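*Asks:* For the record, the sequence lines run as chains A and B.
Note that the first sequence covers residues 30 to 204 in this note's numbering.
Note that the second sequence covers residues 164 to 383 in this note's numbering.
Just so you know, the hints here were simulated from the structure itself, not pulled from any lab data.
Wrong hints could be hidden among the right ones.
[As the list claims (entries may be wrong)] 35 angstroms max Cα-Cα, derived DSBU-like pairs, lysine-lysine:
(1) A:Lys166 with B:Lys239
(2) B:Lys212 with A:Lys188
(3) A:Lys81 with A:Lys166
(4) A:Lys77 with A:Lys138
(5) A:Lys81 with B:Lys235
[Said to hold, decoys possible] So these bits of chain A aren't anywhere near chain B, every CB distance computed over 10 angstroms:
(6) Thr71
(7) Arg110
(8) Leu147
(9) Arg158
(10) Lys180
(11) Tyr185
Computed from a predicted model, the values in this text were never measured in an experiment.
Even glycine gets a Cβ: it sits at the ideal position worked out from N, Cα and C.
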Amino acid sequence: MRRIAEGCDTSFAELYDRYSVRMHRYFYRMLGQDANVADDFTQELFMKIIEKRALYDPGRRFSTWFYTVAGNMVKNEYRRRSRQQTPPMEPEAFTEDFTTDLDQQVFEKHLALALEQLDETLRQCFVLRYQEEMSLKEIADIQDCPEGTVKSRLFYTIKKLSGKLRTFSGGVLLS
Amino acid sequence: MNYIPSYNLEPLLPEEPFGDLLPEEKRLVWAAIGEEEYEQRFRFLQHAKTAMKQSPAPDPAIRQQLLAAMKKQRAKAAGQGALVRLLQRRIPVWQAAATIAALLGFFFLFKHQGFPGMQSEKVYVYLTDTVYKEVSLPAMDSAGNVPFGRVNVKPGAAPNLPGGFSDTIAAIDSATRRTGFPYAPDTLQGLNQAGDGPKGNPAHDWEDWWQFLRADGKIK
Numbered sequence: 030m031r032r033i034a035e036g037c038d039t040s041f042a043e044l045y046d047r048y049s050v051r052m053h054r055y056f057y058r059m060l061g062q063d064a065n066v067a068d069d070f071t072q073e074l075f076m077k078i079i080e081k082r083a084l085y086d087p088g089r090r091f092s093t094w095f096y097t098v099a100g101n102m103v104k105n106e107y108r109r110r111s112r113q114q115t116p117p118m119e120p121e122a123f124t125e126d127f128t129t130d131l132d133q134q135v136f137e138k139h140l141a142l143a144l145e146q147l148d149e150t151l152r153q154c155f156v157l158r159y160q161e162e163m164s165l166k167e168i169a170d171i172q173d174c175p176e177g178t179v180k181s182r183l184f185y186t187i188k189k190l191s192g193k194l195r196t197f198s199g200g201v202l203l204s
Numbered sequence: 164m165n166y167i168p169s170y171n172l173e174p175l176l177p178e179e180p181f182g183d184l185l186p187e188e189k190r191l192v193w194a195a196i197g198e199e200e201y202e203q204r205f206r207f208l209q210h211a212k213t214a215m216k217q218s219p220a221p222d223p224a225i226r227q228q229l230l231a232a233m234k235k236q237r238a239k240a241a242g243q244g245a246l247v248r249l250l251q252r253r254i255p256v257w258q259a260a261a262t263i264a265a266l267l268g269f270f271f272l273f274k275h276q277g278f279p280g281m282q283s284e285k286v287y288v289y290l291t292d293t294v295y296k297e298v299s300l301p302a303m304d305s306a307g308n309v310p311f312g313r314v315n316v317k318p319g320a321a322p323n324l325p326g327g328f329s330d331t332i333a334a335i336d337s338a339t340r341r342t343g344f345p346y347a348p349d350t351l352q353g354l355n356q357a358g359d360g361p362k363g364n365p366a367h368d369w370e371d372w373w374q375f376l377r378a379d380g381k382i383k
């Protein structure tokens, strides 16, 4: 960050290459799996690094700080959407056909719908843990809460999601 | 046996199937959610992790746009850098005080002696103004008897008017000016216009006036 602050293009390019895919994937998952929206938010996030470098807190680990900024952007977007009162997507009813004609894409689709229905804190917790593979401590730093709370949130989220998607995890997928 | 919250299973869930757990971990699972539920959640997490790895890559144009923005920002910062460095430069207080004192000294010195390379020239500026005095005026009609048609008196001569007219000034009109009388001010136009109105006294009845006008040099 110091070299970026001094205007080093190479350092910025290196930072972008290291984090852009992760951050894009994070936005993609958190904002309704829309690639264009994820593009916009990824660009905006890196623009913050260029224009508002003073926001960076050197006392924090960069990745944690970066995800915190991204998380705030997502929260702001949720608020904006809630003001517009966009109706949440309703997951399609599962049918028995899925158990016999199980497909990872179908599972992915229904997982996305189930995630959409989660509270934003739980969704962020789940995505950071199982998509971004962060430690409990890192998530606790980002969400500004104790590790025990993170564990509790994750346990509750897994219970809820696996219950909703029980059809998919019945046994065929395990093989 | 100490109570262990069930959420402490979370670190195990994404990592190990039930069969690979240690005996004490299995006991914890049995106590909390049971083997079947654990297996159910474990399978769900495996598929969820795989599914969430699938996502489109960011648009390559973003990288180019950001690098262009970075260059632009750097150019902007370079422009501001020189001024910032100058403002951030630290000097001892005595140096700052001496510099200010020297500048003030030069200023006052040159203010009295003239600044180098500057020539001065004295220019006199005259300001003029005209003050008019408003006075009452006797109505008179001597058109037929007074030389040059009208009697005109300059305002400055008003105090010297004879008789009961010490506070009056001359009767003046534009007709007098038309006669070519050299001292007639251009005021009170039309006051003594000729017409069919009553005539005034004959000139010989106004001896005092004649004397006054002769003394003032208006008539001979």
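*Asks:* All hints are to be evaluated individually against the structure, with a verdict given for each.
*Replies:* Taking the hints in turn, this is what the structure says about them:
Proximity of Lys166 (chain A) to Lys239 (chain B) is assessed by CA-CA distance (about 39 angstroms); at most 35 angstroms being required, the pair is judged violated. The hinted pair formed by Lys212 (chain B) and Lys188 (chain A) meets the criterion: a straight-line CA distance of about 15 angstroms does not exceed 35 angstroms. At roughly 27 angstroms between alpha-carbon atoms, Lys81 (chain A) and Lys166 (chain A) fall within 35 angstroms of each other, so this suggested pair holds. Taking the CA atoms of Lys77 (chain A) and Lys138 (chain A), the gap is near 32 angstroms; set against the 35 angstroms cutoff, the hint holds.
Distance hint between Lys81 (chain A) and Lys235 (chain B) is fulfilled; the C-alpha atoms sit about 14 angstroms from each other, no more than 35 angstroms. Here Thr71 (chain A) does not stay apart from chain B, with its beta-carbon only about 5 angstroms from theirs, under the 10 angstroms limit. Once the 10 angstroms rule is applied to beta carbons, Arg110 (chain A) is consistent with being away from chain B; the minimum gap is 20 angstroms. The beta carbon of Leu147 (chain A) sits about 12 angstroms from the closest Cβ of chain B, which is more than 10 angstroms, so the claim that it is off the interface holds.
With 10 angstroms as the threshold on Cβ separation, the claim that Arg158 (chain A) sits away from chain B is violated: the shortest Cβ distance comes to roughly 8 angstroms. A beta-carbon of chain B is positioned within 10 angstroms of the beta-carbon of Lys180 (chain A); the least distance is around 5 angstroms. Not every CB of chain B is more than 10 angstroms from the CB of Tyr185 (chain A) (nearest about 8 angstroms), against its label as outside the interface.
In summary, the numbered hints that this structure violates are 1, 6, 9, 10, 11.
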